[in-house]
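Trainee: Generate the whole structure from the sequences, applying the supplied hints.
Chains as they are written, first to last, in our numbering: chain A, 1 to 316; chain B, 1001 to 1519; chain C, 2001 to 2327.
Heads up, some of the hints might be wrong.
Negatives, chain A to chain B, calculated, CB over 10 Å [unchecked claim]:
| no. | residue |
| --- | --- |
| 1 | V39 |
| 2 | L65 |
| 3 | F71 |
| 4 | M86 |
| 5 | A163 |
| 6 | L182 |
| 7 | K206 |
| 8 | Y208 |
| 9 | W220 |
| 10 | L228 |
| 11 | G257 |
| 12 | P262 |
| 13 | F279 |
| 14 | F287 |
Have a look at the derived ranges for each label pair, beta carbon to beta carbon [stated by the list, open to error]:
| no. | chain 1 | residue 1 | chain 2 | residue 2 | range |
| --- | --- | --- | --- | --- | --- |
| 15 | B | P1401 | A | L294 | 57 to 67 Å |
| 16 | C | V2013 | A | V36 | 45 to 55 Å |
| 17 | A | I215 | C | I2310 | 38 to 48 Å |
| 18 | A | S64 | B | G1314 | 19 to 29 Å |
| 19 | C | L2017 | B | A1354 | 53 to 63 Å |
| 20 | C | G2074 | B | A1162 | 43 to 53 Å |
| 21 | C | L2014 | B | P1401 | 40 to 50 Å |
| 22 | C | I2307 | A | P52 | 46 to 56 Å |
| 23 | B | I1463 | A | S64 | 33 to 43 Å |
| 24 | B | G1261 | A | V36 | 16 to 26 Å |
| 25 | B | I1463 | C | R2084 | 20 to 30 Å |
| 26 | B | T1028 | A | S64 | 33 to 43 Å |
| 27 | B | N1434 | C | E2168 | 48 to 58 Å |
| 28 | C | L2014 | B | S1290 | 48 to 58 Å |
Incomplete in silico selection of chain A near chain B, CB under 8 Å [as the list claims (entries may be wrong)]:
| no. | residue |
| --- | --- |
| 29 | N58 |
| 30 | P62 |
| 31 | L67 |
| 32 | M68 |
| 33 | G70 |
| 34 | P74 |
| 35 | P77 |
| 36 | P261 |
| 37 | T263 |
| 38 | Q264 |
| 39 | Q275 |
| 40 | F277 |
If you are wondering where the hints come from, they were derived from the structure by calculation, not from laboratory data. Since the model is a prediction, treat every value here as computed from it, not as a measurement. We put the CB at the ideal spot given by N, CA and C, even for glycine.
The lines below spell out each chain.
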Amino acid sequence: MTDTPLSQPEAAKGRWARLKESDFFFDFTHSPVAMVSFVVVCILVFSAVFAPWIAPTNPFNPASLNLMNGFTPPSTPNAFTGETFMLGTDDQGRDVFSTILYGMRISLFVGVSAVLFAMVLGIILGLVSGYFGGWTETIIMRIADVQLTFPSILVAMLIFGVAKGFTPVEYRDQMAIWVLILAIGLSDWVQFARVVRGATIVEKNKDYVAAARLIGRKPWAIMIRHILPNAMSPVLVIATISLALAIIAEATLSFLGVGAPPTQPSLGTLIRVGQGFLFSGEWWILFFPACTLLALALAVNLLGDWLRDALNPRLR
Amino acid sequence: MQRLTYAAALSAVIALPATAEEFTWAETTDPQTMDPHAVNSAPVLGFLNNVYEGLVRRGKDMSVEPALATSWEPIGDGEGWRFFLREGVTFQDGAAFNADDVIFSYQRASDEVSDTRSWFAPVSEVIKVDDFTVDILTSAPNPIFPSSIANWMIMDSDWAAANGAELPDKENGNYATLNTNGTGAFQVTDRQPGLSTTLVPYNGWWGEVEHNITSATLTPIQNPATALAALLSGDVDFINPVPIQDVARLQQSADVQVIQGIEARIIMLGFPHEADGLKYSAETEANPFSDVRVRQAISHAINVPAILQTIMRGNAEPANQLVSAAMNGYTEGLGSYEFDPEKSKALLAEAGYADGFSFGLKCPNDRYLNDESVCQAITGMLAQVGITATLDAMPVQNYWPELREDNFDMYLLGWSPGTFDAEHPIRFLAATPNEELKLGSWNFGGYSNARVDELLPLIQSTIDEGERQAMLDEVANILYEEAAYVPMYVQPLVWGAGSNIDLTQRPDNFFILRWVTVN
Amino acid sequence: MLSFIIRRMGQSVLVLLITGLVAFSMFRFVGDPIDNMLGQERTMEDIERLRGQLGLDQPFPVQYFRFLENAAQGNFGVSYRQGRPVAEILLERAPATLELAIVSAFLAVLFGIALGVYTAIRRDGVMANIIMAVSLIGVSLPTFLIGILLIYLFSVELGWLPSFGRGEVTRIGEFWTTGFLTETGLKALILPSITLGLYQMTLIMRLVRSEMLEVLRQDYIRFARARGLKDRVINFRHALKNTMVPVVTVIGLQLGAIIAFAIITETVFQWPGVGLLFINAIQFVDIPVMAAYLMLISVMFVAINLIVDILYVFIDPRLRADRTGGH
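Mentor: Here it is in structure tokens:
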């Protein structure tokens, strides 16, 4: 480790290990909101990941569905089949509880993948533009400016439209998910790039970086080993908040018909389908997925909020 | 119990429409043009039926009745039809109606650029006998010709010439795209495409006024939930359609009524008869659907009553042929494939597909009522007999090109016969596709049967009702035996209106303003 | 300075061309307009003829350059659906979207700043924390659901507000129509503008709060406090004033987002603006309308960007191209 002691307070919190020793955990254990949010996120993520084992049925397996179970109210026996479902069934006779678990899986998968994609892209472009400067920087930041003003849903719709044309028909169903990730990720990398670039510009002129360069370290090694850790805490905050935004963005796109398909529904697709039953009295088809999405996004947002405050000592 | 109080609370707060005779209504699609010859689509023709009139029109029970022609009779031995025109009719701009307008409208509507051209395919010549008599000659005897031109609307020749609208212009639009001048009961006073269209009664109309509307405004509302909210809150007096799932709720409300009927449209599954192999299958090179037993197995595998019970909420009728019972030429006593998964499996085994196979099912998701849900349900039902269908649902603007390019292993199709006659689907769906003869243009799967092709021209030209029906029955039987398509149900027609509205629903889903009374 | 502006404008034009290319290449895949323009009884021959008339049988580059050529002259072609010049349709629809966007932005700024200041001053207060948490609900549900729930509550259940449309509008001049002058017009604005502005309100509120908190920690505020200035004077004369620079920047950038998200709000409320026009155009594959809308939006965003950049240079020449916003 060639790290010099870091003078900047937020940079000092760069390492995960240091965070543990710092006020971070003290803060956490003294913030009920943060703890509750954390627990909620953990429960939801856990149940999404282990959905195949938790869910009573597999809603993706068409052979297991009985259409006559359709529109069964929560915890009430179906008039035809006599079967009972805790959260009721939707129009296809699918168990709402199971579709929520599986839907959350897709929402989280899309959200997390999109944010990871945006993060990696943003970090790379941020490092490169900050470290090398010059025309590389001009081009990247120019694109970033345009990207920032061009609204994310339009970007996503454009990408979706183009990708649809290039994908062979037989892969279109699976494609939808990957295109969503690409679309949401591409509309989200700018914030990461800007933060990382800012940190890179500050750090690259420091003595230790110059020293590393002198002993012949490769630019990539310097960027990743030395500069990047200093930018990680804001990146973490942005990633958390972006996750909530990405999950909501996916839901919004599904309303415009460019989201996950109903055969592979995300929470957003479930809500879009469920809103058609709002007036007809089958409230559970909309209500439970909407509550789950709300709980998920709210908990992630609150966690991100707390993280921002906790990692930003200036607000203490 | 909870639901009851909920409904009661709901109905208590619904405001009654403020002014009685100012009628507002909402439909999903705005008529895309005001030109009666530019686009042959239900939203356009349905709307313009209030403004323009044809020689004949359809009554409340779909029967053909006199309009701009007071009577008509066949000429000779099936050479054509003579129409006697109504005298004293004026267009909404004050010009008088006579035979010249009919000749002009024929030329306009049958021109190459007109979408209504196919109606006049049997016509060889139109002759003005005198100012109020017109002969329409057909190249072969055509018994159903008068009823096939009920939507052919008459336009004033001078008005069209004065405004440079002698021909419809779909690409760039012209005066007639935005303005109207018909002889009908209503005239358009304000047209804002996609926003609102306002009509007022035409004082010089020749007919007897039944309605009490002083002004009517059409607003397109695409989102079904928004349209329903608008009806429930009294912002509009009438919506078409009502989402099928909301029917039961609306029926409980005292301030809103649901008007239900059977539409002319049959919802069916189509097969790739002609294809050499499946496009979206993992394991098979061959085309299982070319085997009649497989097609019959599919017919037996689909639980239509369950679809009608849940997805259609008991609001639709099952179908066993390409037209509904309300259509002319419907075949009585035809069999139907009962839901029988065991028989389906047996048929599949017999055809050599005991282990099933996989294929791709294409489906629109914004064309027919709950189309995507129906397709999803079908996927589940087929899975239960061991066939794996991969559903690809898409908006209709992507759907038709896919079907035209043969990118399907099975597809969902709805068909509404424009002529209200059983001959129509045979011409478009069952005849062997033939560019030159303009046959089978919607027969995407390329179904072909020599006997059907042989019977079609005879059906078209036979005057005797009994003889004609026998031939229609024969075709219906062939299509049934061969399971050429899987007809599933007749799409329901569901309108919603304030309880103070009296109106008439026709199976063609046309909303006729002159039958509306606001109480 | 001048060369900077010229360079920037050159870059903007390039961005427009690329956006146009991307947008235009998308149209090949959104579907085929032909089926919507012809009825059930069309023949394959009709399809080919119409395709030829619309120029859809031309190779892609030809179509693109013809589009650019016409667009540069302000001619966006004729809508496939309405048979009218696209420019005319856009002009007709623009007032509805702009009024909605202005009211939404106004509400967002007004409540955003007020609540932001309040939650910053009462940082540890119960009410402030509740406001912070509740405001997050607004960004934790998709816009379309919020809109539908508002309709359900205020139009259907309570019957207070109209469920769709713009109400009665008054015509001003040749092109402008306004809903500001009638009671129904104003009522119709309430639900859509809340739906549209909620997200931006939350954003501004949180931004104002964190900026305020930062400023309140500064030494000069401490001195002011030590000098015995009243809290109100400190909070509003000094602290709030200093938070305004980043807030104004964000509002500028969010203007674009408001207009883009209007697509969803307008669809839910059947609001007759350009967003609804765009969605209808997608459903109908009305390529000229889609192209014109996207070009219009790009021009707007590029213009906003350019203006912000130039302003920055005027304010602070050190910033040049390395403008860092990053909130």
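Trainee: In ascending order, which of the hints set out earlier in this document are inconsistent with the structure?
Mentor: 2, 3, 11, 12, 13, 15, 20, 21, 23, 24, 25, 29, 34, 35, 38
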